[in-house]
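So the protein sequences, as listed, match chains A and B. Residue numbers in the first sequence follow the numbering used here, run continuously in steps of one, and reach 592 at the last position. Residue numbers in the second sequence follow the numbering used here, run continuously in steps of one, and reach 160 at the last position.
The set of hints was computed from the structure by calculation and includes no laboratory data. Quick reminder that beta carbons are idealized off the backbone N, C-alpha and C, glycines included. Certain hints may be false.
To be verified - In the DSSO-like style, the derived pairs of lysine-lysine whose C-alpha atoms are separated by at most 30 Å in a straight line are:
id, chain 1, residue 1, chain 2, residue 2
1, A, Lys23, A, Lys80
2, B, Lys104, B, Lys119
3, A, Lys80, A, Lys48
4, A, Lys328, A, Lys492
5, A, Lys586, A, Lys572
6, B, Lys17, A, Lys584
7, B, Lys10, A, Lys328
8, A, Lys587, B, Lys17
9, B, Lys105, B, Lys142
10, A, Lys452, A, Lys546
11, B, Lys10, A, Lys587
12, A, Lys586, B, Lys17
13, A, Lys586, B, Lys104
14, B, Lys142, B, Lys153
15, A, Lys352, A, Lys546
16, A, Lys141, A, Lys110
17, A, Lys230, A, Lys572
18, B, Lys98, B, Lys116
19, A, Lys492, A, Lys452
20, A, Lys584, B, Lys10
21, B, Lys17, A, Lys492
22, A, Lys110, A, Lys409
23, A, Lys80, A, Lys17
24, A, Lys230, A, Lys80
25, B, Lys17, A, Lys328
26, B, Lys142, B, Lys104
27, A, Lys23, A, Lys5
As the list claims (entries may be wrong) - To give an idea of the chain A side of the interface with chain B (calculated C-beta under 8 Å), a few residues:
id, residue
28, Asn165
29, Ala187
30, Ile588
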Amino acid sequence: METIKLTIDNKEIDVPKGTTIQKAARELGIEIPTLCYMELHDLGIENKPAGCRICVAEVQGRRNLAPTCSTNCENGMVVKTHTPRVLNARRTVMEFILSDHPKDCLICPKSGDCELQTMAHRLGIRDIPGQEFAATSTYRKDTSPSIIRDLDKCILCRRCEMMCNDVQTVGALSAINRGFMATVAPAFEQNLEHSTCTYCGQCVAVCPTGALTEVNHVPSVLRALADPTKTVVVQTAPAVRVALGEEFGLAPGTIVTGKMTAALRALGFDYVFDTDFAADLTILEEGTELLDRLSRHLNGDTTARIPILTSCCPGWVNFFEKYFPDLKDVPSTAKSPQQMFGAIAKSYFAEKIGVNRKDMVVVSIMPCLAKKYECQREEFSVDGNPDVDYSISTRELAAFIKQANIDIKTLHDEDFDSPLGESTGASVIFGTTGGVIEAACRTAYEVYTGKKLERLDFTELRGMEGVRSATIDFNGLPVNIGIAHGLGNARKLLDDVRSGTSQFHAIEVMACPGGCIGGGGQPLHHGNSDVIRARAAALYAEDRSKPLRKSHENPFIVKLYEEFLEKPNSEKAHHLLHTHYFDKQKKIIIKH
Amino acid sequence: MSHIKIELRKEDVDFIKGVCTSFNNDPQELINVLHSCQEHFGYLPAEIQEVVSEGLNVPVAKIYGVVTFYSFFTMTPRGLHPISICLGTACYVRGAEKVLDEFKKELGIQVGESTKDNKFSLSSLRCVGACGLAPVVLVGDKTYGRVAPDDVKNILREYE
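Using the sequences and the hints, build the whole thing.
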């Protein structure tokens with residue numbers, strides 16, 4: 001590859017042709033500030049609209065300042081990133097951005113984790129001239145079941161638009177209007193709820209300001225905890241335990257399972273359980289369904305739909321209901337682990353401890369914003385009483401722990417309560433892309449072949465490529481597995497399913513890039529792919545450390561079937577643990 | 001929910017789909033498709049944008065973004081005689097705002113609105129390239145130059 005030699009701040013560097021000034025500078029340890037640029041390297045995601053103009057630098061011989069995020073290096077270039085001209089321009093640009101930005105930082109939900117606030121601090125902004133000429137926009141706040149949009153705080157970095165369109169191919173958000181009224185919004189400025197939004201939350205995960213945040217359910221949880229008539233049960237998703245520590249200054253990938261459990265108990269939850277238990281249950285239900293469909297398919301039964309698609313991810317469910325409703329009989333009917341947990345907690349467990357389901361409050365801690373919407377779906381309630389009452393994100397849990405004066409770092413590790421807190425390594429890896437299907441393979445292999453699986457690590461299913469495939473040998477039967485994370489990648493596999501060209505027997509889909517570890521409710525990664533990789537590595541480490549690593553070996557799952565559900569896919573299991581999907585595609589009706 | 005029903009007459013849907021087909025359903029031709037639709041329907045309500053979205057396979061949010069970006073496109077029906085007052089620099093310094101105020105007063109509507117009988121609609125624009133005639137007013141395809149507030153009544157009378 002051709003090499004380019006240039007000088008940045010008096011330091012020489014060689015870079016491959018096509019490298020931007022900003023990336024070359026980073027290699028020299030020079031971090032040029034930016035507000036709109038974002039790269040998730042492993043996922044091949046890059047946002048560079050060159051819109052914010054914060055990253056400008058002086059290039060010798062060039063008349064104007066260059067936006068370094070989108071200017072490629074050239075041979076012999078001499079770049080200066082901190083001359084008076086650059087610093088003045090950068091400050092002026094920042095003052096313009098701030099001139100029409102609301103000044104309510106003290107009470108903004110993003111305060112403390114806001115890139116705009118951090119940038120103002122870093123650039124030493126002490127005055128915002130020109131405010132009197134700025135016409136502040138006055139968009140109403142839009143509150144959906146998962147996401148709150150406060151468009152007056154939008155700085156038009158367009159990262160959300162990139163995520164929604166280029167990565168997720170959902171197309172709910174686009175830049176609209178002009179001048180001070182320019183912002184990013186759904187068509188016709190509809191509420192998100194009426195748009196094609198899937199609540200994947202990736203827009204929230206990349207928003208640098210308080211324009212996009214999650215709906216906060218902590219106050220409702222606090223009220224439930226303070227109510228002596230309520231038994232409050234909490235479940236925690238696998239991806240939370242490898243990310244929560246980041247909110248307390250621990251390195252990404254630090255496993256805080258024991259401390260999180262201790263903190264939840266300190267917060268006053270009556271039972272601290274684990275969504276992983278329900279993930280093991282999901283494997284039994286979904287795995288059985290897979291084997292049933294697969295053997296019927298192999299026996300020539302044309303009514304058996306192959307491939308089977310996983311259905312754990314609520315953003316993904318929303319996506320196919322809106323974009324591929326013609327394929328709604330293809331995904332597994334198994335509920336997500338969150339909802340399986342709720343259904344079991346408010347039936348089996350409530351009976352066991354003699355509590356009426358109306359007096360039980362189930363709270364879930366999720367890396368996800370779509371889970372907030374999922375638990376509000378009508379079909380997941382009994383006589384108006386939801387199986388899962390509130391879903392709060394990893395970020396919300398961290399804020400809750402801080403409000404409760406709990407110093408998580410000094411807490412001693414504690415274990416989950418029994419029985420709904422017992423889990424295997426297979427369920428832990430649900431939190432990363434490829435994990436659900438790997439867990440399913442561990443169980444399906446043994447059930448199908450009747451043989452013991454020698455090698456538990458299906459490394460061929462792991463990795464961060466957006467679309468992956470592997471063929472797993474089920475003792476002579478080759479099972480073709482497809483994996484997609486990010487809805488745009490899922491769309492590619494679904495197009496093949498729709499056209500009948502798909503060669504897969506089973507496909508795992510996660511709406512968020514990286515899987516749940518990259519979810520919209522996780523601590524913000526600020527564009528650093530290493531954070532997501534570290535979380536994935538931690539989940540695989542937690543899996544390895546477990547004595548039991550196959551879902552069907554979870555003794556409490558075995559007991560649950562013995563005492564309550566009979567067997568996987570039984571009538572009772574179907575009633576409690578399976579669901580159906582809806583056609584939510586926009587329809588054009590012809591008037592007669 | 002997102003289950004939105006869009007009610008359009010069959011011939012309208014056919015027309016829009018036909019326009020999309022005539023541009024090979026190419027998303028790059030969005031602006032041309034919108035031009036043709038606006039020429040036919042007079043404006044681009046949400047329903048039309050939804051059908052174009054289907055025809056070109058472009059998210060409707062993107063289409064709305066384009067419609068709200070270019071001032072030529074409008075989502076409200078224009079009057080039979082659309083009136084545009086140039087507020088470009090040359091027209092502005094020669095009193096275009098007073099002319100605009102007179103139109104607002106005479107018609108009883110604001111910029112972006114149409115009269116109740118849908119006869120006139122009012123819009124402002126930036127420079128029509130006839131600065132020598134400033135201030136300039138357009139009614140439909142007809143251009144009026146050096147317009148003074150006193151001329152407004154006479155201009156409107158032409159369309160009685």
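Structure-based check of each hint:
Distance hint between A:Lys23 and A:Lys80 is fulfilled; the C-alpha atoms sit about 14 Å from each other, no more than 30 Å. Of the pairs offered as hints, the one joining B:Lys104 and B:Lys119 holds, with about 14 Å between alpha carbons and a cut-off of 30 Å not exceeded. Of the pairs offered as hints, the one joining A:Lys80 and A:Lys48 holds, with about 21 Å between alpha carbons and a cut-off of 30 Å not exceeded. Proximity of A:Lys328 to A:Lys492 is assessed by CA-CA distance (about 16 Å); at most 30 Å being required, the pair is judged to hold.
For the proposed pair A:Lys586 and A:Lys572, the alpha carbon gap of about 34 Å is over 30 Å, so the pair is violated. Our distance criterion of 30 Å between C-alpha atoms is met by B:Lys17 and A:Lys584, whose separation comes to about 23 Å. Between B:Lys10 and A:Lys328 the CA atoms are separated by roughly 29 Å; this keeps the pair inside 30 Å, and the hint holds. Distance restraint check for A:Lys587 and B:Lys17: the Cα-Cα separation of roughly 15 Å lies within the 30 Å cut-off, and the hinted pair is therefore satisfied.
Under the criterion of a C-alpha separation no larger than 30 Å, the hint pairing B:Lys105 with B:Lys142 is consistent with the structure, at around 21 Å. At roughly 18 Å between alpha-carbon atoms, A:Lys452 and A:Lys546 fall within 30 Å of each other, so this suggested pair holds. Distance check on the hinted pair: B:Lys10 and A:Lys587 sit about 14 Å apart at the alpha-carbon level, within 30 Å; holds. A hinted pair counts as satisfied when its Cα atoms are at most 30 Å apart, and A:Lys586 with B:Lys17 qualifies at roughly 17 Å.
In summary, the hint linking A:Lys586 to B:Lys104 is not supported, as the alpha carbons are separated by about 40 Å, beyond the 30 Å threshold. Distance hint between B:Lys142 and B:Lys153 is fulfilled; the C-alpha atoms sit about 16 Å from each other, no more than 30 Å. For the given pair, A:Lys352 sits about 27 Å from A:Lys546 by alpha-carbon distance, which is consistent with the 30 Å threshold. Pair hint A:Lys141 plus A:Lys110 holds up; C-alpha atoms about 15 Å apart against a cutoff of 30 Å.
Restraint check for A:Lys230 and A:Lys572: satisfied, since their Cα atoms lie roughly 27 Å apart, inside the 30 Å limit. For the suggested pair B:Lys98 and B:Lys116, the alpha carbons sit about 23 Å apart, so the restraint of at most 30 Å is met. Only pairs whose Cα atoms come within 30 Å are accepted, and A:Lys492 paired with A:Lys452 is rejected, the gap being roughly 35 Å. About 23 Å separates the Cα atoms of A:Lys584 and B:Lys10, which keeps this hinted pair within 30 Å; it holds.
For the suggested pair B:Lys17 and A:Lys492, the alpha carbons sit about 26 Å apart, so the restraint of at most 30 Å is met. For the hint pairing A:Lys110 with A:Lys409, the CA-to-CA distance comes to about 23 Å; that is within 30 Å, so the pair holds. With a C-alpha separation of about 20 Å, the suggested pair A:Lys80 and A:Lys17 falls inside the 30 Å cut-off, and the hint holds. Between A:Lys230 and A:Lys80 the CA atoms are separated by roughly 63 Å; this puts the pair beyond 30 Å, and the hint is violated.
At most 30 Å may separate the alpha-carbon atoms for a hinted pair to count; B:Lys17 and A:Lys328 meet this at roughly 27 Å. Taken as a hint, the B:Lys142 and B:Lys104 pair is honoured in the structure, with Cα atoms around 19 Å apart against an allowance of 30 Å. Note on A:Lys23 and A:Lys5: the hinted pairing holds, with a Cα-Cα distance of about 14 Å set against a maximum of 30 Å. Because the smallest distance between the Cβ of A:Asn165 and any Cβ of chain B comes to about 7 Å, under 8 Å, the interface hint for this residue holds.
Residue-level restraint check for A:Ala187 holds (minimum Cβ-Cβ distance to chain B is 4 Å; threshold 8 Å). Nearest Cβ of chain B to the Cβ of A:Ile588: about 5 Å, under the 8 Å cut. The hint holds.
The structure fails hints 5, 13, 19 and 24 (numbered hints given earlier, in ascending order).
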